[in-house]
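If you're matching them up, the sequences are chains S, W, G and A in order.
Going letter by letter, the first sequence gives residues 1 to 662 in our numbering.
Going letter by letter, the second sequence gives residues 1001 to 1342 in our numbering.
Going letter by letter, the third sequence gives residues 2001 to 2145 in our numbering.
Going letter by letter, the fourth sequence gives residues 3001 to 3321 in our numbering.
Because the hints were derived from the structure by calculation, they are not lab data.
Just to be clear, a hint being listed does not mean it is correct.
List of simulated lysine to aspartate or glutamate pairs, EDC-like, C-alpha gap at most 20 Å [said to hold, decoys possible]:
1) K3118/A - E1195/W
2) K3111/A - D1046/W
3) K1259/W - D1071/W
4) K1338/W - E3188/A
5) K323/S - E216/S
6) K1233/W - D3044/A
7) K1002/W - D1157/W
8) K184/S - D549/S
9) K3118/A - D1145/W
10) K3203/A - E2101/G
11) K1338/W - E3041/A
12) K29/S - D107/S
13) K1257/W - E1063/W
14) K3062/A - E616/S
15) K1233/W - E3042/A
16) K1334/W - E3319/A
17) K3113/A - E1132/W
18) K1334/W - D3027/A
19) K3113/A - E1083/W
20) K3111/A - E1028/W
21) K2102/G - E3319/A
22) K1334/W - E3188/A
23) K23/S - E38/S
24) K2102/G - E3188/A
25) K400/S - D2074/G
26) K1170/W - E1083/W
27) K3197/A - E2103/G
28) K3149/A - D3176/A
29) K1074/W - E26/S
30) K1257/W - E1080/W
31) K1257/W - D3234/A
32) K3009/A - E3067/A
33) K1233/W - E3067/A
34) K2117/G - E3316/A
35) K1167/W - D1157/W
36) K3203/A - E1056/W
37) K369/S - D190/S
38) K1199/W - D1157/W
39) K106/S - E2124/G
40) K1338/W - E3045/A
Below are the chains, spelled out letter by letter.
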Amino acid sequence: MNGIGVFVCHCGSNIAATVDVKKVVEMAKLEPGVVHAEEYQYMCSEAGQERIAKAIREKKLSGIVVCSCSPRMHETTFRKCAEKAGLNPYMVEIANLREQCSWVHKDINEGTEKAVILTRAAIAKVSLNTSLYAGESGVTKRALVIGGGIAGIQTALDIADAGYEVDIVEKTPSIGGKMAQLDKTFPTLDCSACILTPKMVDAAAHEKINIYSYSEVEKVSGFVGDFTVDIRKKARYVNMDKCTGCGACMEKCPSKKALSEFNSGLSTRPAIYTPFAQAIPNVPVIDPSQCLKLKNDKCGLCERVCQAGAIDYKQEDEIVTRKYGAIVVATGFEVIKLDNYDEYAYSQSKDVITSLELERIMNAAGPTKGHLERLSDGKAPKNIVFIQCVGSRCADGKGKSYCSKICCMYTAKHAILIRDKYPDVNVTVFYIDVRTPGKNFDEFYRRAVEEYGVNYVKGQVGKVTPEPNGKLTVHGVDLLDNKQLKVEADMVVLAAAIEPSPEVRNIATMLTASIDTNNFITEAHPKLRPVESPTAGVFLSGICQGPKDIPETVSQAGAAAVKVIGLLAKDKLLTNPCTAKADELLCNGCSACFNVCPYGAISYEDKLINDHGVRETRRVAVVNNALCQGCGACTVTCPSGAMDLQGFSNRQIIAEVDAICR
Amino acid sequence: MKKFLKSDLNALLDIISEKERIYLPVSEAGQTNYAIYNENSKVDLDTLKTVKSAKEVFFPQSETLYTAFMDGKKIRIAQEELEKEEFVLFGVKACDVRGIEVLDKVFLSEPVDSFYKARRDHGVIVALACGEPEESCFCKAFGIDCAEPEGDVALYDCGDYYFWDVKTEKGTALTEKCASVLSDAEEAPVKEKQEEIRKIVSLLPYMNISLDSWKGATTDEKFNSDVWEELYKPCLACGTCTFVCPTCQCYDIKDYKTKNGVQRYRCWDSCMYSDFTMMAHGNNRTSQLQRFRQRFMHKLVYFPANNDGMFSCVGCGRCVDKCPAAANIIKVIKAFEKEGNR
Amino acid sequence: MSINQEFKPKIVAFCCNWCSYAGADLAGGSRLSYPADVKIIRVPCSCRVNPMFILRAFERGADGVIICGCHPGDCHYSTGNYYARRRMTLLFSMLDYLGIEKERTRVEWVSAAEGVKFSTTMNEFVSAVRELGPNRRLGDLRCKD
Amino acid sequence: MQRLIDRMKELLADGTVQRVLGWKQGDLGYNPEPHYFNSAEELDEFIYDGFCGANLSKYMIKGSELEGKTLVLLKPCDTYSFNQLIKEHRVDREKAYIIGVGCKGKLDIEKIKAQGIKGITAVKGAEISGDCDELTVETVYGEKKVAYKDAMLERCHVCKGKEHKIYDELLLDSVDTCDGDRFECVDELDSLTPEEKFNFFRKELSKCIRCNACRNVCPACSCRKCVFDSNKFDSAQKANVDPFEESMFHIIRAFHVAGRCTDCGECSRVCPQGIPLHLFNRKFIKDINEFYGEFIAGEDAETKGPLTDFTLDDIEPGERR
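Pulled out of the complex, with its shape left as it was, chain S reads as follows (with noise of 0.2 Å):
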C-alpha cells in the first residue's frame, strides 16, 4: 500500500484551537506510504468531502485517513464519501482528534503531539486495511410475534394490514392477554374487554395472521431476514379443526377444583377449558394435571359429549418448524410474588389481595360477579386501604428498583370506581410519590381526591395485622402530618410490582438478544433505538421492555410493527463485512472458537488442505457471515491465531499499538 492520504479537519476552532493542524499535516506527510495530506475547515462538510474526493481520484489514493471528530459521528459520511470517489469505503480510517483529544487536552503541545500519535497510528492501521465488501442475504416476508397480549395483537395486526404474513405465539390458550383480565381501562375507564375483543376478533379474522395458541417458541437459528423457529403446539387434547365451542364438554367436565389462572385463583374451573368466555380461539383445552382421563383413565365424559368428536385424549405436542425475517418478543408482564412482603399479610388473610384480583372482584365475569365483597367471608367492605409501591422502587433489594409505573393510574381508577358505585366505602390510599405523566393522568388522580374524596396519605405502611375480629390493621405513617397512624380495614389491596414474564430469559437467549438485571429486554439503544433489540431482526413490544400502560404498549407495538415492515419490504439485507474469517491453514478445529461464538456463526468441515505442499482431510472452522457480528471473541480463543476479524485484524491493531507506542 503505498498511496495513504490524510486529512485533518479543524472543526472550526473545536480541535484546531488546541491541537496545531499544520503540524498533523506535516509529521503525517513524514510517514511511510503517505502521499497526500491536507488540513480544512469542515471535512465533513460538502466542500470537505470534495477534497478528498479530488484527493482520492488525482492521486489514486490507496486508503485515506480522516482526522477530525469520533468515528462515531462521521466514518460512515467518510466512507460514503471514499465510495463514491472510488475507493472501498472500508479504506477509511478515523484518527479521533476531537472528542478523545482537542476536547479533552488544554495544552497545545499536549494536543498537537498527541494528535500526531493518533494520526500515525490511523495510518498504520489503513496500510493494513483491506477492500472489505458487504455481502447479501434474502428476506423470508413473514414475521413471528412471541405472545398474543395487546402488544403482540397490535403488533401483528399493524404487520399484517401491510400486506406481510404474521404468526403470534401465544403459550396460553387464548390471545388476550393481561388486558383481558382488566375491568376498566384509565384514565377513560372503558371496558377493558370492549375494547380489546374486537382487535382480538380481527388478529383471528385477518387472513394474513395465523395464531398458534397454547404454543411456545421452543428453537431458534439464523439470523435477520432468515430466522427458522421451533414452535412447539402443546397437545390440547382437542381438534381445532372440529371444536365448535359450543362449551358443553366444559358444563359436563366432573373435575372442577383447578384454580381459574384467568381470575387470578379467585375462582375455579374445569379440566377442559377456556380460559375466559370470549377466548380466541374459542376452543377449550384439556390440562392433563386435572383431567381424570389423561390422568387415570376414567370419565372420558367430554369426549362423549362432544357432538363434533373434537376430544383426542390421544394428542401429543407437535413441533411445527417456520421461517421468518423478523421477530417481534412481545412477552408481556406478571405480578411479582409477594413473599418478600409478608409483613402485609398477603399469606395471612384472604382479605389483603393484589389489585389484580381486585380488577377480577370488580368485573362482572369475576369470581364475585362484580359485587365487591370480602373474599373471607362475603361482607361487603366499609374501609378500603390501598398500599402502594409493594415491591417496586425498592432499595433493599427485597423487590424491584424499579418503579412499576402503571400501579398509581390504575390505584386511582380503582379508587374512583369503588367510591362511584360504593359511595359508603372509605378509601384510604398509602403511598411514597403519587406519579401521573400522561395525557388527562394527573386530571383523574385529582378526581379521584377532589370529587371522589379518596383519602390520600403519603407514608409507607409497616404492617398489616390481621385482627381475631375479622379486620385488618394497617400500621402506617403519615410522612405529611409526621404520625404514626392505625387504620381499621376490611380489605387491604397491594399494588404489587410487576416483572417481565419468567419464560422472557429463556427466549432472550435463544434470540440471543441481551437482557438487564431486572430481566427487561436490553433494547439497541435506550433512546433512539427503543424498540429494536441489539441483535438484528429482533424488535421489541410491550413491557418485555420496561414497564408500560395500554397506551405506550399500543404505541410502541405500532412502532415495532413500522420496525418490522421496514426490515420484510426489503428484498436483499446487506451484511456488516468486518466479520470473522478463519485462515484454515492454520485451524486446529478445535473447537474454541465455536464455544465463545454467541450467534453460533461458526461451524466445522472436513476439507481437502494443501498446506505447503502438503494435502490432507482437515477439519476446519468455517464462519457464516450473515451470522457473524463481528465481536471477536472467536479471535482471542484461538490460539494459532487462524480466526481474524476483518477490519480489526491482529495485524491492524498491532500496527496500532506500535505506533502509539513509538
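Given chain S, work out where chains W, G and A should sit, using these hints.
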C-alpha cells in the same frame, strides 16, 4: 608446561579480565552455560558439558547484522560492528574445540563470514581436558582425544593444580599475560591424568561406536534406507538437538521492527522445524521424516563429502542427553549398523 | 511524586466500540480532561483484546495498558465482556506473578453514559502508573531507542 | 510387564489393533523412546519402566491418521491429555485402543545426575514390576544407590492421582506417589515482592534457548502451526534476542493452554535448560480453581473449558477471592 594452584583460578581470571573478556562455564539458575566472567560469576569447570556448546561464543544464537533507521522518509543504515577486542574462551572441552574446527570449515571458507572470522581472530581458546567423561560421550569415534584437547592452551585438572600446556602462539601470548600466577611444571602428572581419562573412556558405552559404514558412504544408499521411517517417529520436531549441538551451523535471517526502523538479525535455525528452508513455492522437505533425515545425513554424509571426510558430529553427546524423545545420532548410527549386518 | 511528575507514561487504552469508546467520546463532549498520555485503540468489543496486544504494547515500551468494555450484562454482543473478564483476570494475575506491577494493568467497565467515569478512571490510572515510573520489566531492549 | 506384552501380542494377533504405541528400550538403561511397534517380534524391544515418562497421547494426533486402530499405552496422567485432545477434535477415540498402564512414579535422570552420578551404564530397580523403592545405578565410576523417591520427577510428587480417566482396559498396578501440594510452589512465588518474582523468572527464562521442546512435547500445544511460527501477530521470532522475547513466548504459551493444560509436566521434563515451566501452568490452574471453581482439564472429554465459559458474577480482574 606451566601450572597454577586451583585456589588461584580467580586470580588468574581477574588478571585476564582486566584487559579482555573471558567466556567460561558459569552456573546460573541451576544450569551451566558459557557466559562472560565477572567477579560475581559462579564459575563451574566441574560440570562436564555446558547445555549450549562453546560455539555460541563465535556464532551467537542471534546477532544483529545491521540496523535500518527511519528518519522521516529517509532511511539510514548502520552496519553492526565486527569484533575488535581480544577475548578468551576458557575451559572448552575437546569435543567443543573440534566443533569450532567444523564451524571454521563453513564460515571461514569462501565466502568468509566476516562476523565469525572477526571473533575467531580475536578469540583465544583455553581448552580443558575432560575430568570425568560421561556415558553419552563418544568423541573417540571421531578421533578426538578428550584427554588431550586442541586449542591455544590446554588445561589439565591434576589434584590441587591446573596444568597449563601452551599449544600455539596465541597461547604463548596469553601465558605471558598470566605469568604472575603460573609456575613451571613437569609433564608427568599430566601424562598420568591423561592415562586415567583414557582408561575411563575405554569403559564408556558409546566410545567404540563404529562409523566405518559412513566413511565414504554414498548419499543414495543412506538416503533411501527404510531405517529412517522407524527412526524419525519419536521426533517431536523441536530444535533441542540443533541448539545444543556444537556444530549445527544453520541460521535464519529475520527482521525485527524496532521503534523507528528495522533490525536485521540472524539466529540459529533448526532443520527440525517445519519452516526450515521454507520458500515461496512451499517446502522442499514436507515431512518430519525428511527433516529428521536431513540432520543426520548432513552430519554423517553431506558434510564429510564436502570437507575431506570430516564428520560434522564431534561426539559430545549433548543431543543424547537432551532429546526429549530420546532420539539421537547414536540411535541413527546403531540402526544403520544393525541394518548393515542384516 | 516530585520526580515522577516529569515522567510521561505511555498508556494504551483498548476501548470497546459500543460502550467505552462512546464513553470516551462523551468525556470529550463534556470537556472532562484526562492526561494526554492516554491513547485509545478502538476495538469492537473487549473480547477482541488479545493478550498478545497487551504484551506487544509492553514490549514496545508502554508503561500501562487499560482495557475498557461495556458493563457485564450490557455487552453489545451480549457475552463478549464476560470472556474478556475471565481472560484479563487470569492474564493480569499471571503478570502480577511474574513481577509486573499490578498497577500497570487495569480493566474498567465504562458505559456510553459514563463520561465522568472514563475521565476519572484515566486520571487515576495515569497517576498510578506515574507513581511506578517507567516500565522496565517487560520492554524489549531493541525498542528502547 | 510380561502380562502387558502378552496382552499386546494378543490384540495384535486377533487384529483388534494394527500397531502398538509404546516405549522401546534405550541403550543406557534410562533412555527409552516412544515407538510404534508393528509386529509381535518387535515387541521384544518393548519396555515399560520408571523411565517411560513420555506422554504418548500427543503421538496419537498422528496415530489417528494411520490406518486401523493403534493400541496406545497411557499412564494415569496421560489419560487427561488424551481426553483433552478428544475434546479438541485432535485425536480420534475410535482409532485408539487404550490400555491404561499403572504407574509407580516416573524418574528424572537429571535428578540422578544432579547427585553427582556420572558415567551411568545401567540402572536397576526401575522395573514396573518391582517395589520401586531403591535404584542401583551402575557407572564406570562404580555402583551408586539412589532412593526411588529422590529420583522421581517433580510432577510425580504432586500426582493428580493414579486413576485412569479413559481406557479400554487397565493393566499393572500403581503406587500413590503424591507427597506434596502442587500449588505450594505457586504460593511461595506469590508471596515474594514484585522485584523478587521478576528476578526469579528473569533468571530462569534467560536460560531459554527457544528450542520449542516444551511446546512440541505439550499435548495441549497441538496447533498445526504455532502462533510464534506464523506472521499473524507479527510475532514469529525464532531467536532469543531479548529476555522479553522469552517472557512473551512463555506467557502466551501458558495462556493459550490455560484451562486446557492437564499439568502433565512434560514441559518441565524436557526443557534442556531445566526451566521449571510448570510454574506458569500451575499458576493458571490455581487461579482458575480459585476464581471459577475446581477444574481439572481432561477429567472428561466434554466439559467446557473455563476460558470458553463464564458466569454472570465472575470475579473482576485484579480481585482475589
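Status of the hints after comparison with the structure:
1. K3118/A - E1195/W: holds (19 Å)
2. K3111/A - D1046/W: holds (17 Å)
3. K1259/W - D1071/W: holds (11 Å)
4. K1338/W - E3188/A: Violated. K1338/W to E3188/A sits at ~51 Å, over the 20 Å cutoff.
5. K323/S - E216/S: holds (15 Å)
6. K1233/W - D3044/A: Satisfied, since the Cα-Cα distance of roughly 18 Å is no more than 20 Å.
7. K1002/W - D1157/W: holds (12 Å)
8. K184/S - D549/S: This hinted pair holds, its Cα atoms lying about 13 Å apart.
9. K3118/A - D1145/W: Cα-Cα ~19 Å, so holds.
10. K3203/A - E2101/G: Given that 20 Å is the threshold and the Cα spacing comes to 18 Å, the pair holds.
11. K1338/W - E3041/A: holds (16 Å)
12. K29/S - D107/S: violated (23 Å)
13. K1257/W - E1063/W: holds (15 Å)
14. K3062/A - E616/S: holds (12 Å)
15. K1233/W - E3042/A: It holds: about 15 Å lies between the C-alpha atoms, which stays within 20 Å.
16. K1334/W - E3319/A: Violated - the C-alpha atoms of E3319/A and K1334/W are around 58 Å apart, more than 20 Å.
17. K3113/A - E1132/W: holds (13 Å)
18. K1334/W - D3027/A: holds (10 Å)
19. K3113/A - E1083/W: Outside the cut-off at roughly 38 Å; violated.
20. K3111/A - E1028/W: holds (17 Å)
21. K2102/G - E3319/A: holds (11 Å)
22. K1334/W - E3188/A: Not OK: K1334/W and E3188/A at ~46 Å, beyond 20 Å, violated.
23. K23/S - E38/S: Cα-Cα ~11 Å, so holds.
24. K2102/G - E3188/A: Holds, at roughly 18 Å.
25. K400/S - D2074/G: holds (19 Å)
26. K1170/W - E1083/W: holds (17 Å)
27. K3197/A - E2103/G: Distance of about 16 Å is within 20 Å: holds.
28. K3149/A - D3176/A: Within the cut-off at roughly 11 Å; holds.
29. K1074/W - E26/S: Roughly 15 Å between the alpha carbons, so the hint for K1074/W and E26/S holds.
30. K1257/W - E1080/W: holds (16 Å)
31. K1257/W - D3234/A: The hint holds at about 9 Å.
32. K3009/A - E3067/A: holds (18 Å)
33. K1233/W - E3067/A: Holds, because 16 Å separates the two Cα atoms, which is no more than 20 Å.
34. K2117/G - E3316/A: Given pair K2117/G, E3316/A holds - Cα atoms ~17 Å apart, limit 20 Å.
35. K1167/W - D1157/W: holds (17 Å)
36. K3203/A - E1056/W: holds (19 Å)
37. K369/S - D190/S: holds (18 Å)
38. K1199/W - D1157/W: holds (16 Å)
39. K106/S - E2124/G: Holds. K106/S to E2124/G sits at ~18 Å (cutoff 20 Å).
40. K1338/W - E3045/A: Holds. K1338/W to E3045/A sits at ~14 Å (cutoff 20 Å).
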